[in-house]
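Participant: Note that the protein sequences, when read in sequence, are chains E and B.
Each residue of the first sequence is one higher than the last, beginning at 91 in my numbering.
Each residue of the second sequence is one higher than the last, beginning at 91 in my numbering.
Keep in mind that a hint or two might mislead.
Each pair may be met inside one copy or between any two copies, as identical chains are not told apart.
[As the list claims (entries may be wrong)] Derived SDA-like pairs (lysine to any residue); straight-line CA-CA distance at most 20 Å: (1) LYS198 x CYS133; (2) LYS154 x MET221; (3) LYS198 x LYS296; (4) LYS198 x ASN258; (5) LYS198 x ARG159; (6) LYS154 x CYS281; (7) LYS296 x LEU286.
No wet-lab data here; the hints were simulated from the structure.
Number of protein chains: 2
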Amino acid sequence: MALGFLTDRLDRADRSEAKEVEAPQAPLPRESLESLHLFGPRCTWLVAMLLVQSVSSLILDSFKGLMQRHMSLTFFLTMLVGLGGNAGGQSVVLTVRRLALGKPVQVKEQLHVGLLLVLVMAPLAFVRAYMQQTPLSESLTVGAAAAVITVCATIVGTALPKLLWFFNVDPAHGAVGVQVLMDIAGIAIVCGLGYLFLELPAKFAK
Amino acid sequence: MALGFLTDRLDRADRSEAKEVEAPQAPLPRESLESLHLFGPRCTWLVAMLLVQSVSSLILDSFKGLMQRHMSLTFFLTMLVGLGGNAGGQSVVLTVRRLALGKPVQVKEQLHVGLLLVLVMAPLAFVRAYMQQTPLSESLTVGAAAAVITVCATIVGTALPKLLWFFNVDPAHGAVGVQVLMDIAGIAIVCGLGYLFLELPAKFAK
Numbered sequence: 091m092a093l094g095f096l097t098d099r100l101d102r103a104d105r106s107e108a109k110e111v112e113a114p115q116a117p118l119p120r121e122s123l124e125s126l127h128l129f130g131p132r133c134t135w136l137v138a139m140l141l142v143q144s145v146s147s148l149i150l151d152s153f154k155g156l157m158q159r160h161m162s163l164t165f166f167l168t169m170l171v172g173l174g175g176n177a178g179g180q181s182v183v184l185t186v187r188r189l190a191l192g193k194p195v196q197v198k199e200q201l202h203v204g205l206l207l208v209l210v211m212a213p214l215a216f217v218r219a220y221m222q223q224t225p226l227s228e229s230l231t232v233g234a235a236a237a238v239i240t241v242c243a244t245i246v247g248t249a250l251p252k253l254l255w256f257f258n259v260d261p262a263h264g265a266v267g268v269q270v271l272m273d274i275a276g277i278a279i280v281c282g283l284g285y286l287f288l289e290l291p292a293k294f295a296k
Numbered sequence: 091m092a093l094g095f096l097t098d099r100l101d102r103a104d105r106s107e108a109k110e111v112e113a114p115q116a117p118l119p120r121e122s123l124e125s126l127h128l129f130g131p132r133c134t135w136l137v138a139m140l141l142v143q144s145v146s147s148l149i150l151d152s153f154k155g156l157m158q159r160h161m162s163l164t165f166f167l168t169m170l171v172g173l174g175g176n177a178g179g180q181s182v183v184l185t186v187r188r189l190a191l192g193k194p195v196q197v198k199e200q201l202h203v204g205l206l207l208v209l210v211m212a213p214l215a216f217v218r219a220y221m222q223q224t225p226l227s228e229s230l231t232v233g234a235a236a237a238v239i240t241v242c243a244t245i246v247g248t249a250l251p252k253l254l255w256f257f258n259v260d261p262a263h264g265a266v267g268v269q270v271l272m273d274i275a276g277i278a279i280v281c282g283l284g285y286l287f288l289e290l291p292a293k294f295a296k
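Chain E extracted, bound-state conformation (with noise of 0.2 Å):
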């Protein structure tokens, strides 16, 4: 989350590498870049994440029944929208590197990668949720959801920092998107999951 600051870091840090191919003895004014020290612009980005960020909420509010009858779903919340933010800038990472060293970023090699993940990650998760006497139906969920957030944090992990250098954006930007687009996707997810498992089934019952 909010790692704009550590990719503003970045930037400076790519740019002075380029700067160093040119003209090494000629650093950037770096001093005139540096603002997060200051009240202003720390404080505009903490408010401006933080209301993204409670889309969440409005979310989680429209799914107040599920939650309330699967109240296990709501601990694991935290664990599986970090796994979503970790996968996913793991996958910006590596795309921002490889784009600049003009390597191809191809978002299918990274689905792959993410689906081999999915095969570790969804049963670590599922037996993390069970070990805690979460009943089957719900750890299968809390699975389910850290496979489908896996997956989608590796797709948009690439596919987000690629399509920010189409548009001739620097890439880098990509690490605060896919956290962000991660936290309320990870929620949709595992809402959307938890409907389809517990909640649907019962519905069909009656």
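Here the structure of chain E is known, so what remains is to put chain B in place on it, guided by the hints.
Facilitator: Just chain B, lined up with the frame of chain E:
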């Protein structure tokens, strides 16, 4: 979350900058440091982070009653936990930069900034929760949690890299540390304040 790969990148950027001064014609053999594109290291990182972040589910599980009686608190968990990661991450980056430039880093100074940030973030979190038809007492808990989380995040985000630096460990690793710590601390703070504000008064009233 999982900023390890980013801080690694920063480390290398820093090291290459240092190298620049000594011998600009001989950059570090960067390729040898790269491992994130390999399945093993990437998956190991994700597994480790998932297991650490799953501690949050144990805390929530032990406050199950509170969460069931005050569902609105769970809706704002992702937003509040995100705030801790964001504010803490900002402090880490500021501290790492100051240490790199040989400037003094004072936890007291960041505590002061944290208290100023609280003046904006706590009312904002309260209003955001209250706007969503959250009961007044729960909205106040969300606001109070935002306050405590913001102050904790700025302190931990400053003290952790300073501590790492003191023990000759790269302070940049504080970026991962603060995210994981504030994920878990954030959940604990919301649960603790929820118990204090929403459960204790009811017990005394009996």
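Participant: Any hints from earlier that this structure breaks? Give me their numbers in increasing order, please.
Facilitator: Of the numbered hints, 3, 4 and 5 do not hold.
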